[in-house]
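Engineer: Next come the chains, spelled out residue by residue.
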Amino acid sequence: MTAGSRLLDIRELTIAFETSDSPVVDNVSVSLETGKVLAIVGESGSGKTLLARSIMGLLPPGAIARSGEIHFVGQDLATLSPQGVRMMRGDQISMVFQEPLVSLNPVVRIDRQLTEAGLERGVMSRPAAYARAIELLERVAISSPEAIMRRFPHELSGGMCQRIMIAAAMMLKPRLLIADEPTTALDCTVQQEVLRVMLEAARVDNTAVLLISHDLGLVAGYADDVLVMKAGRQVEYQPAADLLANPAAAYTRELLAAATVAQSAQAKPGAEHTVCTVEHVSIDYPVRRDWPWQPRTSKRAVADVSLDVRRGETVALVGESGSGKSSVGKAILGLTAFSQGRIRIDGELIAGDKPHINTRAQCIFQNPYAALSPRKTVWQAVAEPLQVGRRLDAETVTARTREMLEDVGLVAQLYQRLPHELSGGQRQRVCIARALINRPRLVVADEPVSALDVTIQAQVLELLGRLQSKYGFGCLFISHDLGVVETVSTRVIVMHNGQVVERGDTADVFANPQHAYTRRLLTAMPVLQFQADLGYRISHRQFSEATR
Amino acid sequence: MKLRPNAIIGIAGLGLVAIVAIGGVLVSPYQAMETNFLNRFATPSASHWFGTDEYGRDVFTRVAVGSFITLRVSLAAVALAIVAGTVTGAMAAYFGGWLDRAAMLVSDSIMAFPSLLLLLGIMAALGPNEWGVILALAIAYTPPITRVVRSAVIAALAREYVTSSQLIGNGDLTTLFRHVLPNCITPFIVIATSVFTAAVLSEAALSFLGLGVPPPAPSWGSMLADSRNYLGINPWMAIFPGIAITVTLLSINLVGDALRDRFDLRMAGGD
Chain A
0 MTAGSRLLDI RELTIAFETS DSPVVDNVSV SLETGKVLAI VGESGSGKTL LARSIMGLLP
60 PGAIARSGEI HFVGQDLATL SPQGVRMMRG DQISMVFQEP LVSLNPVVRI DRQLTEAGLE
120 RGVMSRPAAY ARAIELLERV AISSPEAIMR RFPHELSGGM CQRIMIAAAM MLKPRLLIAD
180 EPTTALDCTV QQEVLRVMLE AARVDNTAVL LISHDLGLVA GYADDVLVMK AGRQVEYQPA
240 ADLLANPAAA YTRELLAAAT VAQSAQAKPG AEHTVCTVEH VSIDYPVRRD WPWQPRTSKR
300 AVADVSLDVR RGETVALVGE SGSGKSSVGK AILGLTAFSQ GRIRIDGELI AGDKPHINTR
360 AQCIFQNPYA ALSPRKTVWQ AVAEPLQVGR RLDAETVTAR TREMLEDVGL VAQLYQRLPH
420 ELSGGQRQRV CIARALINRP RLVVADEPVS ALDVTIQAQV LELLGRLQSK YGFGCLFISH
480 DLGVVETVST RVIVMHNGQV VERGDTADVF ANPQHAYTRR LLTAMPVLQF QADLGYRISH
540 RQFSEATR
Chain B
0 MKLRPNAIIG IAGLGLVAIV AIGGVLVSPY QAMETNFLNR FATPSASHWF GTDEYGRDVF
60 TRVAVGSFIT LRVSLAAVAL AIVAGTVTGA MAAYFGGWLD RAAMLVSDSI MAFPSLLLLL
120 GIMAALGPNE WGVILALAIA YTPPITRVVR SAVIAALARE YVTSSQLIGN GDLTTLFRHV
180 LPNCITPFIV IATSVFTAAV LSEAALSFLG LGVPPPAPSW GSMLADSRNY LGINPWMAIF
240 PGIAITVTLL SINLVGDALR DRFDLRMAGG D
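Sequence order for the protein chains is A and B. Going letter by letter, the first sequence gives residues 0 to 547 in numbering that gives the first Met the number 0. Going letter by letter, the second sequence gives residues 0 to 270 in numbering that gives the first Met the number 0.
Derived from the structure by calculation, the hints contain no laboratory data. Be aware that one or more of the hints could be misleading.
Some chain B residues near chain A, calculated using beta-carbon distances under 10 Å [as the list claims (entries may be wrong)]:
(1) Ser27
(2) Gln30
(3) Arg158
(4) Glu159
(5) Tyr160
(6) Val161
(7) Thr162
(8) Ser164
(9) Ile167
(10) Gly170
(11) Thr173
(12) Val179
(13) Ile184
Computed list of chain B residues with no C-beta within reach of chain A, every gap over 12 Å [unchecked claim]:
(14) Gly22
(15) Gly55
(16) Phe67
(17) Ile81
(18) Asn128
(19) Leu134
(20) Leu166
(21) Gly168
(22) Arg259
Just so we're clear, the structure is a prediction, and the values are computed from it rather than from any experiment. The beta-carbon is built from N, C-alpha and C at its ideal position, and this holds for glycine as well.
Could you build all of it, start to finish, from the sequences and the hints given here?
Structural biologist: In structure tokens, the structure reads:
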């Protein structure tokens with residue numbers, strides 16, 4: 000095959016930082032034909048983003064392409080002038096980023112953001128640009144595009160903003176669209192939808208798509224070819240169907256296994272002691288008044304929620320952002336007041352009128368980067384809870400801290416490190432150690448693995464399960480990720496718009512959902528299954544609408 | 000930890016000021032207020048390094064003694080402002096509500112006055128003496144520190160490590176002083192150094208206007224004021240106090256920059 004028939008042809012590309020000899024992208028060759036979809040999959044640090052940025056000529060300062068060539072439409076990009084590269088961006092190649100709210104300019108209305116690229120280059124008249132923008136908004140499945148054009152980004156949801164970013168990227172009918180984790184920041188119910196409209200929008204203009212993701216299970220169903228990268232190296236590169244049916248590399252199998260639905264956790268017999276009960280709790284947030292003489296009003300975030308968590312079991316609280324699931328978690332932790340109902344932690348009643356903290360309930364946060372004080376070492380962070388409000392002698396503190404750190408699998412070399420010197424998985428282990436060192440009865444885990452790479456997620460979940468059998472705490476697992484929920488929980492509670500819409504044993508709910516919202520959640524999630532002779536298969540759950 | 004060139008220049012500058020101040024007092028054979036009408040307006044020479052003024056007083060000795068007064072007054076004022084500003088700013092941000100509103104109302108009211116006008120007003124009320132100057136400067140420079148600390152604390156409060164500290168049972172003050180404030184150090188250093196330089200400059204301005212430490216005690220500002228009438232006769236009288244002020248301010252800013260880089264976790268780790 001000649002280079003001319005390919006849209007993008009990367010040959011033996013090696014990228015390294017000036018200060019280091021080990022390359023971050025190591026001898027990668029990959030090609031993409033017009034109108035096709037190539038997925039580049041790998042965890043953070045695998046070099047997938049740098050590879051994509053090198054095509055746009057957007058390498059960060061200090062990173063340089065050491066060797067190799069990038070041909071685009073038969074032309075070597077290295078021979079282009081900076082001016083030529085700039086013209087190429089947007090015109091021929093455009094990009095969609097991970098964070099839609101950060102990528103859109105917050106003070107500019109949608110219509111200007113969309114038409115800017117066309118007008119700036121003088122390739123479109125104002126009415127033509129407007130018409131094209133409307134057409135694209137319709138293509139990304141936005142209803143009433145004219146109204147949306149007058150809005151500002153902050154008035155729209157994350158999913159809407161990402162659709163608009165896709166529309167903006169498609170304005171000039173680029174030949175190549177690079178999408179860097181385009182759905183990672185979105186709710187699971189809209190992830191699939193956004194991915195689908197993006198690829199459809201691209202197909203209409205015969206635009207090729209380079210899709211970068213850490214989630215092999217999500218993208219493999221849409222891509223023609225898949226390149227799997229690890230530590231800058233090309234691990235596996237073949238058509239998606241072949242990769243699923245017959246993954247060659249051990250690492251690919253590991254990624255697929257991490258995304259495969261595992262057997263549901265089983266309720267442990269004899270776990271009858273209840274560590275947390277929530278009875279008919281409602282939470283209201285005050286609405287800000289413009290003037291002091293206006294009446295006080297409030298918005299109901301959570302309405303009449305009841306649940307209980309028993310010793311040693313994991314109860315999942317599922318819902319999309321805004322469903323009120325995190326508010327319930329905060330109320331249990333005593334971080335927010337609630338207006339009605341009762342909450343008991345380990346038998347002790349928690350007052351609802353003002354925040355009231357009970358240290359027998361602890362929390363594992365979503366973002367391990369924010370949950371650790373940046374100036375406290377690992378040791379200080381884990382030992383601190385032991386020193387609050389009582390006098391333990393130094394030997395006890397040292398012994399218990401060391402035991403806890405060993406329990407979460409952190410080696411002694413890390414004890415004096417600061418959080419920014421640790422990886423995401425290591426930080427989450429520190430957070431877990433800090434939460435568990437005082438042996439709480441209840442742990443509220445608020446999206447504890449959402450910020451982590453897929454393979455690290457599996458390790459952290461395994462660790463949590465192991466510590467739970469060892470210490471026997473009850474766990475309220477708040478998540479939007481149904482795959483994770485199915486793996487870890489024995490019971491599941493589904494929340495929607497502040498209300499519980501469904502509850503039951505995890506296996507029952509996943510096999511036979513009663514409520515329409517639960518069914519929507521479950522059908523949105525692709526299921527990766529392994530069959531001995533066929534390899535991996537991606538399917539979607541189907542439910543008959545007959546029930547209820 | 001390697002020092003950047005800027006930090007070295009800054010530290011050298013402050014060292015020079017310190018050497019002149021201490022050395023001048025120890026080495027100089029003259030007294031700061033010792034007049035000699037036979038040797039007025041002398042140009043710099045071996046016996047009078049910086050020359051003499053209109054009363055024949057040794058300018059070198061006066062610059063040295065003046066530096067003690069200027070730095071003592073501004074340091075004391077800035078220390079007061081830092082303590083008051085940090086405590087009010089941090090409490091206002093952490094507890095919010097009426098405390099926040101009251102603190103901001105007072106701060107905004109003080110900041111509404113041009114700082115020199117405010118200083119003049121306070122000094123007129125308190126009368127020109129050293130404690131008056133310190134108090135006036137402290138009052139004028141507390142609000143900017145309050146505001147900066149408040150906004151830094153509000154930003155830090157949104158981070159989950161604050162919640163984490165509350166959850167393990169730490170009280171409000173422990174959380175505030177052990178977990179929140181240490182992470183606000185970078186903007187704090189920037190505002191503290193800029194307030195320090197402003198205080199040095201304001202002290203000089205007050206003395207220049209005759210409202211600072213009362214004469215005949217030497218101060219850089221009052222020395223500049225005295226030299227105004229004799230610029231044609233002996234410009235050295237203005238040059239040396241001027242250089243002293245410039246070198247001090249520049250050095251404080253450079254050292255402040257270096258401190259900020261030092262306390263920025265990522266930048267300090269970077270090299």
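Engineer: Do the numbers back the hint for isoleucine 167 of chain B, that is, is its least Cβ distance to chain A under 10 Å?
Structural biologist: holds, 4 Å
Engineer: Closest CB-CB distance from glycine 168 of chain B to chain A, is it above 12 Å?
Structural biologist: The assertion about glycine 168 of chain B is violated, with a minimum of 4 Å to chain A.
Engineer: Given tyrosine 160 of chain B was flagged as interface, is its beta-carbon under 10 Å from a beta-carbon of chain A?
Structural biologist: Hint on tyrosine 160 of chain B: holds, closest Cβ of chain A at ~4 Å, below 10 Å.
Engineer: Hold the hint about glutamine 30 of chain B up to the distance rule: shortest CB distance to chain A must be less than 10 Å.
Structural biologist: At 49 Å from the nearest chain A Cβ, glutamine 30 of chain B fails the 10 Å test, so the hint is violated.
Engineer: Is phenylalanine 67 of chain B truly not at the interface, in the sense that its beta carbon sits beyond 12 Å from all beta carbons of chain A?
Structural biologist: Holds, since 36 Å exceeds 12 Å.
Engineer: For leucine 166 of chain B, is the shortest beta carbon distance to chain A beyond 12 Å?
Structural biologist: Label violated. Min Cβ-Cβ 6 Å, cutoff 12 Å.
Engineer: Any Cβ of chain A at or closer than 12 Å to asparagine 128 of chain B, or is the non-interface label fine?
Structural biologist: holds, 41 Å
Engineer: How about glutamate 159 of chain B: closest beta carbon in chain A under 10 Å, or not?
Structural biologist: holds, 4 Å
Engineer: Grab the minimum C-beta distance from threonine 162 of chain B to chain A and call the hint holds if it beats 10 Å, violated otherwise.
Structural biologist: It holds, given that the least Cβ distance between threonine 162 of chain B and chain A is near 6 Å, below 10 Å.
Engineer: Given a cut of 10 Å on the nearest C-beta pair, is the interface hint for glycine 170 of chain B held or broken against chain A?
Structural biologist: Hint on glycine 170 of chain B: holds, closest Cβ of chain A at ~9 Å, below 10 Å.
Engineer: Is it correct that the beta-carbon of glycine 22 of chain B has no partner in chain A closer than or equal to 12 Å?
Structural biologist: holds, 39 Å
Engineer: Does the CB of serine 27 of chain B sit less than 10 Å away from some CB of chain A?
Structural biologist: violated, 46 Å
Comparing the model with each numbered hint stated earlier shows that hints 1, 2, 20, 21 do not hold.
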